[in-house]
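As a plain string of letters, each chain reads:
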Amino acid sequence: MNDTTAENGILDVDQVTLYLGKKRILNDLSISFWPAHIHAVVGPNGAGKSTLASTIMGLNGYGDFEGDVRFKGASIKALSTDERARKGITLAWQEPARFEGLSVKAFVSAGAVDKSDEKAGWALDVVGLNPAEYLDRAVDKTLSGGERKRVELASILTMEPALVMMDEPDSGIDVDALNKIFKAIALLKEKGTTVLMITHSQTVLEQADHAFLLCCGQVVQKGPVDKIMDYFGDKCLPCNHKNQPVPEAVNE
Amino acid sequence: MNKNAKNNEMIARLYESLGESHVMSPDVAHVEIHGNQVLGLHLVPGLDVQAEELEDGIRARITVKENTRIEKPVRVCFGMLPETGIQNIYMTTRLEDNSAISIVASCTFPNAVDVRHTMEAEIHIGKGAEYAYVERHVHGDAGGVTVIPKAVVHLDEGARFRTDFELIKGRVGHINMDYEAFCGPRSILEMSARVNGTRDDYIAINEKAHLQGDGAHGVLMTNIAVRDNATAKIQNTMVASAPDARGHVDCKEIVQGNATASAIPVVEVKHPRAHVTHEASVGSVDSKQLETLMSRGLDEDAATDMIIQGLLTPSY
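Those protein sequence lines, which keep their order, are chains F and U. For the first sequence, counting from 1, position 187 maps to 196 in the numbering used here; every step adds exactly one. For the second sequence, counting from 1, position 198 maps to 322 in the numbering used here; every step adds exactly one.
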């Protein structure tokens, strides 16, 4: 397996410090993700996991930070969300948005390389939704949270991104659907996409090639999934460091 | 050219302005009205239409006979192709008990610079009868249309009425809609409108429903998008005065540029076993929706357009 150095990452977060209000959420954070790998970022609530994804995506309110974020070696700090997306970065939300009146077909094809109905149908099929039943439905409150999550993943499959961040990919998902989601994640990797999963779940963590443990906006552990899983289970939960500076943990 | 040929040509031009063919299957009833002229009238068994040409419009009486279910949607086309003119429609519709009809009404004013179209409708839906009325407007780009539809609807026991107003092409101009419905026992009412206003368009929608009968149900739904200097004023009122009456008022307005929008949901409950809910949102495009689409690579304008198109898309 590759080493996690800033030099060979497809995406490098370099010494990023970000405040939301007066609270420091990311604390001199450095982290790199390798091409075509499945990474997991785990950590307790408030560790900065979702903030990290929002910062990488350049969402509103997450643009003012110290440090840099580089994609394929070039800074993306000054780019808007859509410019980052057109470079191949995308995000799947923990709780996907509802879109009144917007069809599943239109949504799945919104950022697609191939905007054909066939491609949208293929993507729905991968995530376990019957295209005949779903293509013409609206992405609104008539879809359950789990269905919207799978529709969102279908929209990412058609986009063929270089890097996708998935915030809690298992939330609101039943066991059968979760297996479809894991299948889709494996397919993304097979096609060369780097996957970053933000999770609390050991089941999700097991799907990763490599994991990072975040606490208080810093990486406190990184390495093979087994190692992080042990650490996460035995030492980190419940977390004694929550919302406290953790230099000793970083140095561990 | 004789009168029939002239009428047929005008009918073809009306449907052409809608982007549709005027050729229809014989089992589809249809009526075409241009200005104050009835150009075409084709009926099916159980449906009666009496139309009288007035100086500045039409007076029409539509009756669906008892126990008759008109299988295919009836096409009604109102229009004015000249740049200026007045078209006043006075329409009385009566659905006798246990009848059913679906009307798709297209109102086309594609060249309007100064056209005024008014409609005064009185609708009576008998016991167990079902009436769906979809009104689609095509306007020109000059914004020179004033549309003033007014309707009073009475639903008898177990009746069902669904109406949907939609501008599918062109600028609004000036719309001032005023619908009021009186709902009997176990009747169901659904009224919705979707309008997109630009430049100095003016949209006023006033819908009122009275849930008077035991177990009457009603939904008033309005989705509006305004930008530039357009104005939207929406007032939806639901009054529930009977046991087990259930109602919901829903208004969503997206505002951009210098446009202004207001939403006034009025909910009045006069019986302890009645229940009415309301929901209104007025403001910019939802940031999560916007960022979701932008994270797929759409720029802000394209993402906004897509969200607004969705909001204005009918759910039927």
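Just so you know, not all the hints are guaranteed correct.
[Said to hold, decoys possible] Pairs of lysine-lysine, DSS-like flavour, derived with a Cα cap of 25 Å: (1) U:412 with F:31; (2) U:412 with F:114; (3) U:251 with U:332; (4) F:114 with U:293; (5) U:376 with U:293; (6) U:357 with U:332; (7) U:412 with F:32; (8) F:150 with F:114; (9) F:86 with U:357; (10) U:251 with F:150; (11) F:96 with F:114; (12) U:412 with F:124; (13) U:357 with F:96; (14) F:128 with U:332; (15) U:376 with F:114.
No wet-lab data here; the hints were simulated from the structure.
Hints versus structure:
1. U:412 with F:31: holds (23 Å)
2. U:412 with F:114: holds (19 Å)
3. U:251 with U:332: The given pair, whose Cα atoms are some 21 Å apart, holds under the 25 Å limit.
4. F:114 with U:293: holds (23 Å)
5. U:376 with U:293: Roughly 20 Å separates the two Cα atoms, so the pair holds.
6. U:357 with U:332: At roughly 14 Å apart (the allowed maximum being 25 Å), residue 332 (chain U) and residue 357 (chain U) satisfy the hint.
7. U:412 with F:32: holds (23 Å)
8. F:150 with F:114: holds (16 Å)
9. F:86 with U:357: violated (42 Å)
10. U:251 with F:150: violated (32 Å)
11. F:96 with F:114: holds (23 Å)
12. U:412 with F:124: holds (23 Å)
13. U:357 with F:96: violated (42 Å)
14. F:128 with U:332: Violated, because 45 Å separates the two Cα atoms, which is more than 25 Å.
15. U:376 with F:114: holds (23 Å)
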